[in-house]
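Enquirer: If you want the building blocks of each chain, they are given just below.
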Amino acid sequence: MEKAGPPVTKRSLYSWVFSDNYKLQILLVIIIIITVLIRVLPLEMQKRIVNEAINLRKIDLLFFYCGLYLAAVVVAGGLKYLINALQTLIGQRVSARMRKELYGHILTLPLGFFRKTQPGMVVSSLITELAAAGDFAGNAVAVPVTSILTLIAFAGYLVWLNPILGFVSLSIYPVVLFLLPLLQKRANTANKKRVDTTRDLASKIAESITGIHEIQSNGAFGIENRKYGDLVDKLMKIRIVWNLYRYGIKTSNNFFSSLSPFLIFILGGYLAINGRLELGALVAFLSAQEKLYDPWKELIEFYQAYQDSSVGYYRTMEYFDFEPEYALEPEDREPYQLEGSIEVKDLSFTVEGGIRLLDGITFSMKPGENLALVGFSGSGKSTLAQCLNQLYKYTGGHVWIGGKEVSELSKRDIVYNTGFVAQAPFIFSGTFEENLLYSCMARNRGSGTADRESLPTLDEMIEILQQTGIFVDVLRFGLNAFLVPDQDEELVYRIVRVREKFQRNFGEALADSVEFFDENKYLYYSNIFENITFGTPKREVFGEGKLLRSKYFRQFLEDVDLYKPLFDLGDELAKTVVDILGDLPPDEIFFEQSPIRPDELDGYKALVDRLRKRKHQEISSEDKEKLLALALRFTPGRHKIAPFSEMLENLILESRALFREKISDFDPEAVSFFRKSDYIYSQTLMNNILFGKTKTGAPHALEEIDRNIVQVLVEEDLLETVVKTGMQYQVGSKGDKLSGGQRQKLAIARTFLKAPPVLILDEATSALDNKSQARIQSVIETRWKGRATVIAVAHRLDTIKNFHRVAVLKAGKIVEIGPYDELMAGKGMLYELATGKR
Amino acid sequence: MSLPPGKDNVCVSCEFEQNLGIIREIYFFSTMPLEIVKVLAYLCAREDFKAGDYLFQQGDDDGRAFYFVSGRAGLVCSEEDTDHVVRHVEEGEFLGGLSLLGNMPRLFSLKTLTDTTCLILTREKFKKAAERYPEIMPKIIQSVIKGIRDWERKFFLSHAMGCNDCRRNLGVSLI
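If you read the sequences in order, they're chains A and B.
Going by the working numbering, the first residue of the first sequence is number 979, and it counts up by one from there.
Going by the working numbering, the first residue of the second sequence is number 2, and it counts up by one from there.
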């Protein structure tokens, strides 16, 4: 459980230094004390070596003291390393803890906060700005304790050696202590000015780049240069001042530190000449005095680091210093299991500026009832749905779910008892299955393996997939998967059987939309490599990416006169794709028709740059390989950005037979050719069943193919296996490999799977076609009838006829509520909305 | 779904270049800079339909815009089980630009009268391009406004003045 304490944003920088790290910090201090004591030892040894061993000519004492000296140095070195290790450990632990706690806090902040916040700001806060604070925390005890103890130890030793000399050499430090903060304050002021001016300069540059048309058309170079120049000069002056102060701090510190040997020479020399100071003591004194400098310098640096990191830390924390609107966990009880009744009374929601988004909303629903919310946009229907689900905190009135006031429930109570589907639902990177189980996993708290048991079974998941109409999509993901050799022997065997049956039943009917593998025809929907080899490389050296390094294959391309035309094709493809897609983000949708994959674009961009600058013969063999690889991937039916000549087509087709002949002589096991009796591992499950590739992306043609494949898979009892494979599909970052409709269906499915007693749908089917929408509507009306209380914000009025009641909102108020037919008959607002007539 | 025999729909001069030529001529996209037109031409896909296929049906929110590369279709309005052909869509015509911009359930069905090839851009692809090049939206909005105004002016001048019923319902450009 969370322990009570101030929220993360209110914690002081020093509170992190000790939390969780008490033991480590104490250990550190102990080691530091030992180290400091050991560091004084060599000084004493120095003195004794000179005074006792050398002066009295005692060899054994010399060895003994030298041995002690050496031992002290070695031990001090080792301990110093240990101190550094502990510092790092503490610093990194604090950084990690700060990052986790602040992230945890940010996730719970009210939605309103995120509307005003750039994601980039959160990213840089968590990643960059906290790093300095973490490092500081690692040093926060070690550095001052070390420095101060060392200072005290050496100072004590100096005073012990010779009180007068001691006090004289220490006398400079109070002066520095007085001067330093003064200088630092001025440096800080200059630093702030620097930050502001840099920002002005940045916006000036941005302005001139944006307005470059105007500058060039007016020839206003002089004007702009002057404006920019003024700012640069201002920045220059500020930076000079800033740096002068910084160096001033350093120099005055150095100056005062080096003053002290001067004092010692004068005074110590005088005393030694008068015989009031031993020579050994003077040597030791000078050494010890010199050693004061390092800890002093470290202390000064620590002071500066503290200033910098605390500014960064508090600025970051202030930025996120808001309270979450709801408790996350219930206090001292399990989450409620509520029945799905809803009672809303005088509900109002007022936002900044006193704008009332909801006003005096009152209605009630029995468990299992369903209600449609309709109204013009801006009427508050979505806001109402979000207030019921704690996404917004209502500012007046009451909402009771199962008799409990929503604003007093914890977030977990709400998660247990309600499900919410947003209009633009978010899908996370990962597999389809992970996203499908997202709501269930969150309800079961986290992702531990123990939770797996309470998650839905495959059958339950499949049922939901069918209800939400995304089953076929998942099936298609499964059909687009690749099998791994030697892993699914049984499945492979069965797929080949499915293939035969499919060919028999549908081969002819699908000839228009499927290009079957045919040894004697050019395959427009397969790439050039597949067209040459008409098979899958089995040997590692012939695998994709390695093939071109094989001299054998390159020689083959030369022999059949394909090398040059393929190189030219690769060259054209690279240039065209870079020209069209060069500026686009690595989004899947942009790369569907490109032989270059998103992650390769930058590489090819650089390559095209090089091609432009160099002559043909100067192109490196690595670049040639890349271009050839691109050409071999070219699939004329899909990549319509480059022309494909008949001559090249014929050359490739001719080379196919030759390739088979030659490779069989060279290494009969190198390639497995496409045969109707063999599973092809380099092809998807789908292509294996088809023994070919689909020619089209047209929905109606794909649907027909899907229908036929499903029929055969059902007959062969393979449907579930394929769907299970499909669930492992990676949906891409933000789910960008899914269509808008698929994302929405997946979001509905994950909420249905959780099966909460209250279901809130906020225009949840807006991206779906009529059929899908009707399907989900009928699931709500049949399967969820009586089992869940459903509130649906509707964007289309033809979907709400069968709801128990309809509430029409206008300007944040319910203007009428009742069964659809009654309201239509009453010719009120619903009638007006539905017919557009007053 | 049908494909021409032989080389299917693979062309010798490349399809992308042909699409580029088409998109540049469409008023809806004509004000855009060339690099964006290139991206749109690349994102378009050709689709072939047999005579009698539906490109979309009344009530669908298919979110697609069509350019008729070849063939003809009829715009059909269904009312209580009877279909009225509102007008014909001919080769070289572009329609559906509005449905690229947001949800737009169809008020008509579009049914092919001959075998037809269309160049199709989907809302999803268009939106991705618009996210990358936000500067195109003001231009598109301007095209839409101009389109609506031109349409109403043409309609007003050619029909509405002579027909009382029509006159009462004028004012699309006043939305």
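For the record, the hints were derived by calculation from the structure and aren't laboratory data.
By construction, the Cβ of each residue, glycine as well, lies at the ideal position given by its N, Cα and C atoms.
Just so you know, not all the hints are guaranteed correct.
[What the hints assert, rightly or not] Below are the DSSO-like pairs computed for lysine-lysine, each with C-alpha atoms no more than 27 angstroms apart in a straight line:
| id | chain 1 | residue 1 | chain 2 | residue 2 |
| --- | --- | --- | --- | --- |
| 1 | A | K1094 | B | K155 |
| 2 | A | K1058 | A | K988 |
| 3 | A | K1715 | B | K155 |
[Said to hold, decoys possible] Label pairs and their computed distance ranges (CB to CB):
| id | chain 1 | residue 1 | chain 2 | residue 2 | range |
| --- | --- | --- | --- | --- | --- |
| 4 | B | M162 | A | K1205 | 52 to 60 angstroms |
| 5 | A | G1338 | B | S71 | 32 to 40 angstroms |
| 6 | A | Y1659 | B | E36 | 35 to 43 angstroms |
| 7 | B | C164 | A | V1329 | 45 to 53 angstroms |
| 8 | B | C167 | A | E1698 | 37 to 45 angstroms |
| 9 | A | A1635 | B | V87 | 37 to 45 angstroms |
Enquirer: State the violated hints by number, sorted upward, taking the hints as numbered earlier in the document.
Expert: 1, 2, 3, 5, 8, 9
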